[in-house]
Amino acid sequence: MKLIKSAIAGTYESSDAFVRVEPAEGVKIDLESSVMDQYGDSILASVRDVLKNLDVSGVSVAITDKGALDCTLRARVETAIFRACDAMDNIPWGTKI
Amino acid sequence: MKNALGREIPDEILAGGKEVFQGQHHRDGYQYTKDAPRIRANVKPKGDKVLPSIRDAIIASGLKDGMTISFHHHFRDGDFVCNMVMDEIHRMGIKDLNVCASSVGKAQNSLVSCIEDGTVTGLSTSVIRDEIGEAVSKGRLKNPAYIRSHGGRVRAIETGDVHINVAFIGASTSDAYGNASGKGGKSDCGVLSYATPDSEYADYVVIITDTLVRTPNFPASILGTNVDAVVVVDKVGEQSKIATGILRLTQDTRELMIAEYAAKCMAATEYFKDGFTFQTGGGGTSLAVTRFLRPFMDAKGIKMDWAMGGITAPMVELMHEGYIRKLINDQAFDVTTVKSVHTDPNHFEITAGQYANPFNKGAFVNQLDFVILGALEIDVDFNVNVVQGSDGLLQGAPGGHVDTSAGSKCAIIVTPLIRSRIPIVRDRVTSVTTPGESIDILVTDYGVAVNPKRPDLLEALKKTDVPLCTIEELRDTAYKIVGKPKELEFDDKVVAVIEYRDGTIIDVCRKPKHLN
Numbered sequence: 364m365k366l367i368k369s370a371i372a373g374t375y376e377s378s379d380a381f382v383r384v385e386p387a388e389g390v391k392i393d394l395e396s397s398v399m400d401q402y403g404d405s406i407l408a409s410v411r412d413v414l415k416n417l418d419v420s421g422v423s424v425a426i427t428d429k430g431a432l433d434c435t436l437r438a439r440v441e442t443a444i445f446r447a448c449d450a451m452d453n454i455p456w457g458t459k460i
Numbered sequence: 002m003k004n005a006l007g008r009e010i011p012d013e014i015l016a017g018g019k020e021v022f023q024g025q026h027h028r029d030g031y032q033y034t035k036d037a038p039r040i041r042a043n044v045k046p047k048g049d050k051v052l053p054s055i056r057d058a059i060i061a062s063g064l065k066d067g068m069t070i071s072f073h074h075h076f077r078d079g080d081f082v083c084n085m086v087m088d089e090i091h092r093m094g095i096k097d098l099n100v101c102a103s104s105v106g107k108a109q110n111s112l113v114s115c116i117e118d119g120t121v122t123g124l125s126t127s128v129i130r131d132e133i134g135e136a137v138s139k140g141r142l143k144n145p146a147y148i149r150s151h152g153g154r155v156r157a158i159e160t161g162d163v164h165i166n167v168a169f170i171g172a173s174t175s176d177a178y179g180n181a182s183g184k185g186g187k188s189d190c191g192v193l194s195y196a197t198p199d200s201e202y203a204d205y206v207v208i209i210t211d212t213l214v215r216t217p218n219f220p221a222s223i224l225g226t227n228v229d230a231v232v233v234v235d236k237v238g239e240q241s242k243i244a245t246g247i248l249r250l251t252q253d254t255r256e257l258m259i260a261e262y263a264a265k266c267m268a269a270t271e272y273f274k275d276g277f278t279f280q281t282g283g284g285g286t287s288l289a290v291t292r293f294l295r296p297f298m299d300a301k302g303i304k305m306d307w308a309m310g311g312i313t314a315p316m317v318e319l320m321h322e323g324y325i326r327k328l329i330n331d332q333a334f335d336v337t338t339v340k341s342v343h344t345d346p347n348h349f350e351i352t353a354g355q356y357a358n359p360f361n362k363g364a365f366v367n368q369l370d371f372v373i374l375g376a377l378e379i380d381v382d383f384n385v386n387v388v389q390g391s392d393g394l395l396q397g398a399p400g401g402h403v404d405t406s407a408g409s410k411c412a413i414i415v416t417p418l419i420r421s422r423i424p425i426v427r428d429r430v431t432s433v434t435t436p437g438e439s440i441d442i443l444v445t446d447y448g449v450a451v452n453p454k455r456p457d458l459l460e461a462l463k464k465t466d467v468p469l470c471t472i473e474e475l476r477d478t479a480y481k482i483v484g485k486p487k488e489l490e491f492d493d494k495v496v497a498v499i500e501y502r503d504g505t506i507i508d509v510c511r512k513p514k515h516l517n
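First to last, the protein sequences are chains Z and X. Following the numbering used here, the numbering of the first sequence begins with 364 at its first residue and continues without gaps. Following the numbering used here, the numbering of the second sequence begins with 2 at its first residue and continues without gaps.
Looking at chain Z on its own, in the form it has when it is part of the complex:
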């Protein structure tokens, strides 16, 4: 997928994550997390996994995580990507996401 604009998803509430994505050269991930020491590596791995799954190779991702579960975090990143690609129809439910 190719990003055509910047987009956001999520909130700053506890147990959620706020995700902002924008088109960029290569993949850049900027992570701030309330559970950085315990789950920072696992969060970064999940974000990379989502990007790979959606074939995104040009993106800058900024995440402010307030202790979101892995499923929440993935959903927020996916939503932000689809919004940034203006993908409103034919969302690949059950396959890619």
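What you were told as hints is all true, and nothing was included just to trick you.
Taking CB as the label site, the calculated pair distances span:
#1 Z:Val390 with X:Glu473: 34 to 42 angstroms
#2 Z:Pro386 with X:Leu469: 51 to 59 angstroms
#3 X:Lys107 with Z:Ala408: 35 to 43 angstroms
#4 Z:Ala408 with X:Arg255: 24 to 32 angstroms
#5 Z:Asn416 with X:Glu322: 55 to 63 angstroms
#6 Z:Ile371 with X:Gly94: 46 to 54 angstroms
#7 X:Pro468 with Z:Asn416: 32 to 40 angstroms
#8 X:Arg255 with Z:Pro386: 34 to 42 angstroms
#9 X:Tyr33 with Z:Gly403: 42 to 50 angstroms
Since the hints were made in silico from the structure, they are not lab data. Each residue gets a CB set at the ideal place from its N, CA and C atoms; glycine is no exception.
Fit chain X to the supplied structure of chain Z, relying on the hints for placement.
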């Protein structure tokens, strides 16, 4: 040296005769001679004890480098006294002080700069939060801080482990001879329970008040016979932050469910009979337990003899409605409670020693049937951490947790299984505040676990519909949902010592590496 819980206590902490923790009743029957203050006798009548300023009182006290001073926290987040005194001490250039406080948080933030520049080099407290918690976690304090429970603080003062040279006691009202009280005035805090041992064991006692009243200011929590000087200031605190308005009962379905489970557990035990005794904290879930108890008490036609602790409006209401015979108060959290402790004949103020000191001839905690408590973390041996966040920062309080759980017949921990991805039930807690042997039941939103040392309670709970499981199952459920957390990395530097209520060392807190 490893203690009874397998926690490594460094030798330098044990130098000077400290022992490692060896079980909650290890020091039962311990004999000692109480510490005593050095008194300057007031033989010649001098009219009154009023001095013109805090500075004059500090000079009169003879405060010098290296001494120990003390504060209490009854003005809570609205306290002005600690900052006023520390600002003056700072200006006078006195250094290397040891501060023995009953709590430090937002309102005592001046301690941070005093720690940074060496005005304060030692700290003993029962609550540590906010910027001071962060400063101590970073190792800014020269000596490790001592974290003591409310009962443990009194024990340390009465045994002489801590000898207070000068006590600065903020009071809502005082007369000119130092009979002081938490009642009335512009900054009404209800009770002065935590300041009583300071007034009895400090060499020099200063009362700081904004409301001087006619003699005698009776009933007095602090006796004028223990007071050297009285200072009158404009304001000792911010009333709206001393006692909060009515705390709204939680609407959070998760908290309500946990509270209902806890009430069902209580009602199923043999202790739930007429005349039972009870304490609960001021957190959302704990307060809600009080509400859920009512129908169970109705069904059995029983009343509670007394409820104790930090008292809140729901407790006062239960007393007014006839469910509780008496209230025993060591801290007043809201305006309803402050008003009640002044006017209700069955609502009594007690001292911190009467409440929780393990080294007197029997404190009220020993007569508790039930206590409801929270946890930041709990391990599969039921050891609880309420001092150190899972990120390693000191942001908590043993408060009365350690004392009430050790004293009561049935100590119940109420907590969600997961908070913002942090698994509360886990293999190992960041540091131990309360030993697992003090805890009887753990109630979470995913199930209720009974400590294996209490098969009797497990049998009793089998008659209820609460979802019983083992604590290992709760841990596994938590890890399945959030993933197993990576262990935090720590430096060797010990920033705080967690002293058990009997004076033995139960754990130490080291500086988290991410703060480097």
